[in-house]
Amino acid sequence: DAEITQSPRHKITETGRQVTLACHQTWNHNNMFWYRQDLGHGLRLIHYSYGVQDTNKGEVSDGYSVSRSNTEDLPLTLESAASSQTSVYFCASSETRQGTGYTFGSGTRLTVV
Amino acid sequence: GESVGLHLPTLSVQEGDNSIINCAYSNSASDYFIWYKQESGKGPQFIIDIRSNMDKRQGQRVTVLLNKTVKHLSLQIAATQPGDSAVYFCAENTPHTGRRALTFGSGTRLQVQP
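The listed protein sequences derive, respectively, from chains V and X.
Letter 103 of the first sequence, counting from 1, is numbered 103 in this note's numbering, and no numbers are missing.
To get this note's numbering, take the position in the second sequence, counting from 1, and add 1000.
Simulated from the structure, these hints should not be mistaken for laboratory data.
Treat the hints with caution; some may be incorrect.
[Claimed, not checked] Quick list of in silico lysine-lysine cross-link-like pairs, DSBU-like style, CA-CA up to 35 Å: (1) V:K11 to X:K1042; (2) X:K1042 to X:K1056; (3) X:K1056 to X:K1068; (4) V:K57 to X:K1071; (5) X:K1071 to X:K1042; (6) X:K1042 to X:K1068; (7) X:K1056 to V:K57; (8) X:K1068 to V:K11; (9) V:K11 to X:K1056.
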């Protein structure tokens, strides 16, 4: 069955380190998204991609970057981790740009100490 | 999987009762809406969706109502069960913004008392 997987499930890192969170989907969806989830904020969009070599900034993109070299993967990189980036990160993919078939991964809990 | 212990509005209902979860969305130009359920330790899961050309849509034990006049969305769960306990989010998609990603509400926690 098609799925979307995130790794690692948990990560603890130190301030200033570069961290990469992986997202892999086998739905063959062109559209992929990264969100963060924090107390009282629901899900906020970090970056998104509509296809290979396409990346776009979301509402809270500062300090993050993504790359899309193939359809299946959209890794999220924290260039220099900060305590404010302690959060739960969710990757999603969708069948259409309109949002139909929107499927989430199980999340990565990142703690920056 | 992961979840966040959000300080959310909480709706507490008795098992077997009907639940109504409300959501005020932000953009009158939004044309597609989705309700998600997030259980502890998991990512959000699709429940039901509705397009702006509709005002009601029914699924299995769930109904979504859309009132575009007041930008309000509601999720009705019939005969609520303990397994319905979770955080529920509404999400909207707004075209013509140059971006096709969902915008999420902050969520409501549903607690089902046995």
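Query - K1068 (chain X) paired with K11 (chain V) [C-alpha distance capped at 35 Å] - result: 42 Å, violated
Requested in this report: Below or equal to 35 Å on CA atoms is what counts here, so check K11 (chain V) against K1042 (chain X).
Outcome: The hint holds at about 16 Å.
Report task. Sort out whether K1042 (chain X) lies within 35 Å of K1071 (chain X), counting only the CA atoms. Result -> Holds, at about 29 Å.
**Report entry** Holds or violated: K1042 (chain X) to K1068 (chain X), with C-alpha atoms at most 35 Å apart
**Finding:** It holds: about 31 Å lies between the C-alpha atoms, which stays within 35 Å.
Query - Pairwise hint evaluation, K1056 (chain X) against K1042 (chain X), where the allowed Cα distance is 35 Å at most - result: 28 Å, holds
**Report entry** Pair hint K1056 (chain X) and K1068 (chain X), alpha-carbon separation not exceeding 35 Å
**Finding:** Given pair K1056 (chain X), K1068 (chain X) holds - Cα atoms ~11 Å apart, limit 35 Å.
Query raised in the report: Between K57 (chain V) and K1071 (chain X), does the CA-CA distance stay at or below 35 Å?
Result: At roughly 27 Å apart (the allowed maximum being 35 Å), K1071 (chain X) and K57 (chain V) satisfy the hint.
Query raised in the report: Can the restraint linking K1056 (chain X) and K57 (chain V) be considered satisfied, given a maximum Cα separation of 35 Å?
Result: Since the Cα atoms of K1056 (chain X) and K57 (chain V) sit roughly 33 Å apart, the hinted pair holds (cutoff 35 Å).
Query raised in the report: Does K11 (chain V) pair with K1056 (chain X) here, judged by a C-alpha cut-off of 35 Å?
Result: Distance of about 42 Å is beyond 35 Å: violated.
Figure legend: structure checked against the earlier numbered hints; hints not met, in rising order: 8 and 9.
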